[in-house]
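Chemist: Since the structure of chain A is already known, use the hints to place chain B on it.
As they're listed, the protein sequences go chains A and B. So the first sequence is residues 1 to 498, counted in this note's numbering. So the second sequence is residues 499 to 660, counted in this note's numbering.
Here are the computed distance ranges between Cβ atoms for each label pair: (1) A:E273 / B:R533: 46 to 52 Å; (2) A:A50 / B:A572: 34 to 40 Å; (3) A:V47 / B:A651: 40 to 46 Å; (4) B:E581 / A:T415: 46 to 52 Å; (5) A:E328 / B:P582: 46 to 52 Å; (6) A:D221 / B:Q578: 44 to 50 Å; (7) A:N254 / B:G610: 48 to 54 Å; (8) A:L252 / B:A639: 56 to 62 Å; (9) A:E296 / B:E581: 53 to 59 Å; (10) A:T415 / B:A572: 39 to 45 Å; (11) B:P582 / A:F199: 28 to 34 Å.
It is worth saying that the hints were derived from the structure and are not from the lab. Note that beta-carbon positions come from the ideal geometry of N, C-alpha and C, so glycine has one too.
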Amino acid sequence: MTTRITIDPVTRLEGHGRIDIFLNDQGRVENAYFQIPELRGFEQFCVGRAAEEMPVITNRICGVCPEAHHLAATKALDGVFGAEPTSVAKKLREILYMAFFVTDHTTHFYALGGPDFIVGPDAPPSERNILGVARKVGLDVAGELIACRKRNHEIITFLGGKSIHPVAGVPGGWSRAINAEERSQIEATARRNIEFARFTLAIFEKIVLKNPVYTEMVTSDTYLHRTYSMGTVDANNQTNFYDGRIRVMDPLGNEFVSYQPAAYREHIAERVESWTYLKYPYLKNVGWKGLTDGMESGIYTATPLSRLNVSEGMATPLANAEYQRMYEAFGCRKITAARYEPIHHRLATHWARLVELLYASERMLELALDPEITSPETRTIPDPARFVGEGIGSVEAPRGTLTHHYCTDQRGVLTSVNMIVGTTNNYAPISMSIKRAAERLITSNAPDETILNRIEMAFRLYDPCFSCATHFLPGKMPLTISLRDSQGGLLREMRRKG
Amino acid sequence: MRAVVKGKTVIIGMGNPLLSDDGAGIAVAHAVAERLRLRMDLTVTELHTGGIRLMEAMAGFKRAVVVDAMLSGAAPGTVQRFEPSAFVTTKNTFSSHDTDFATAYDLGRMAGVALPEQVSFWGIEAREFDLFGERFTPEVAAALPGAVDRIVAELTEWEGGA
Chain A
1 MTTRITIDPV TRLEGHGRID IFLNDQGRVE NAYFQIPELR GFEQFCVGRA AEEMPVITNR
61 ICGVCPEAHH LAATKALDGV FGAEPTSVAK KLREILYMAF FVTDHTTHFY ALGGPDFIVG
121 PDAPPSERNI LGVARKVGLD VAGELIACRK RNHEIITFLG GKSIHPVAGV PGGWSRAINA
181 EERSQIEATA RRNIEFARFT LAIFEKIVLK NPVYTEMVTS DTYLHRTYSM GTVDANNQTN
241 FYDGRIRVMD PLGNEFVSYQ PAAYREHIAE RVESWTYLKY PYLKNVGWKG LTDGMESGIY
301 TATPLSRLNV SEGMATPLAN AEYQRMYEAF GCRKITAARY EPIHHRLATH WARLVELLYA
361 SERMLELALD PEITSPETRT IPDPARFVGE GIGSVEAPRG TLTHHYCTDQ RGVLTSVNMI
421 VGTTNNYAPI SMSIKRAAER LITSNAPDET ILNRIEMAFR LYDPCFSCAT HFLPGKMPLT
481 ISLRDSQGGL LREMRRKG
Chain B
499 MRAVVKGKTV IIGMGNPLLS DDGAGIAVAH AVAERLRLRM DLTVTELHTG GIRLMEAMAG
559 FKRAVVVDAM LSGAAPGTVQ RFEPSAFVTT KNTFSSHDTD FATAYDLGRM AGVALPEQVS
619 FWGIEAREFD LFGERFTPEV AAALPGAVDR IVAELTEWEG GA
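Isolated chain A, as found in the complex (with noise of 0.2 Å):
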């Protein structure tokens, strides 16, 4: 018999999301499973449209990642429509989501992944935030965070056509060219990002780095799983967050497979449990074997440690260097000229976060110094003889790989729309993180702030949005921990009120 404990956001503001740690007669942790409600109705809702809403309409499924499901979805419809983008329109869809990607990145680490440990994994909640990361780093790190957000949302604004919500999507390319002077701005924008990633990356090492504490924690095997690892791939097999492959590497390291988006069907399924209306994916030519890691597992990651571990180096200097640290730093073997064995401590991803930030900052700088990019040329427009009725786009959303796969009918209207969002890739190994944190922290002596916190970094080194898929946000969210025996008695009851 099991009894399960039950951790519950106190008020209905953060939705209805709970996890859930079933304990054994012997009082030791036996499972842990986090159960989120998906949002309703968005495959009915959208059947019956025009395929050419889509980019509009799933760039508001999320606040977060809009610029993500832009272009997943406008890459979907270039299969559609059966329209190649022009060169140049492939590549204004990256600089935009590269200015994306700088942003998302740098404020989860100053906001959210980086307080634990500039501040203190056990540091009250009022000072572990982005304003005791700021008191302790200086304050002119607040002014820099905005600084970067706002220059690279001016760059969204006027490449996407709308602030927040990007329009300028259209199948077969982009519906708006840049002139020099915007070229200059990007180029100006680019050149500042890269000075930021090198002094977030530089802060990381003073504090985290040359810490004991912290290596030690990084190091440990709190939160270490052995599972698969995923992420998108450019022609040389090296990390591309706009478009590729996906490769999927063992936990050894072996490339396990590789493969066009479009063939995810072949080689992801989903598992549901009675238990949770959330689908777990996992590798289906590997098998599910429950919520384990190991070679016999199906259970993958897609996250920016995943994605550097599937990478034969990273595409530019600056980064490929830090990629080269970070590996050496965990003393990985190097498998081939490029790339070392993988890294499975769950708390490098916060590591892999600022490499990823830098290789971001760099590709925008090359984009930005390409000779065609003021061309005209932004758009292939659709030939009706090219309609092809069916498109997949994918696209390395900031938290695992995003995608959008649509069906229509011959006049372009949806009868079917699937999506894999990028936080759903890591159900499997977040709910290995939290029963982690469980195993460790449940039945200690540990004060209660420290048990909430644990479990909280259990999920936030996946940087986890759930605004796509539910109204779960487990950011600091109220949350009670009751502890049972195996009878269900209440042993203990821990509370954060947010």
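Modeler: Just chain B now, with coordinates in the frame of chain A:
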């Protein structure tokens, strides 16, 4: 860099217009602007998520009104006004990706962002908020005109006192 010319007052409608009652804040923001457009310098902004974005949306304005759906357990359609000092969060003013509004506001202050002197928050209790749809439930639809009247009255009073 483009110069941004901003007016005195911003009304920020928060939520998702495709998620039934979650769109209430946006509908109210537009309705308020429609009523006041000829009388005052008013900017309308739609936002899906709060946190730092919400603070940024207020930057440069003298006054800000934020309208959002609310899930407090009150009867659907209930309209509540919050002072910033007493404000915790409505449905979307918090961001899972960064922080709550209070922290974002302090961050802005720390970074030297010009933030409004007057801010008010309005919450409209939602009934249906996780179903895709572009219609309000009857209780929420019935509450919207009253919410618009109250916000128009507040802005008129603020403007008169300026």
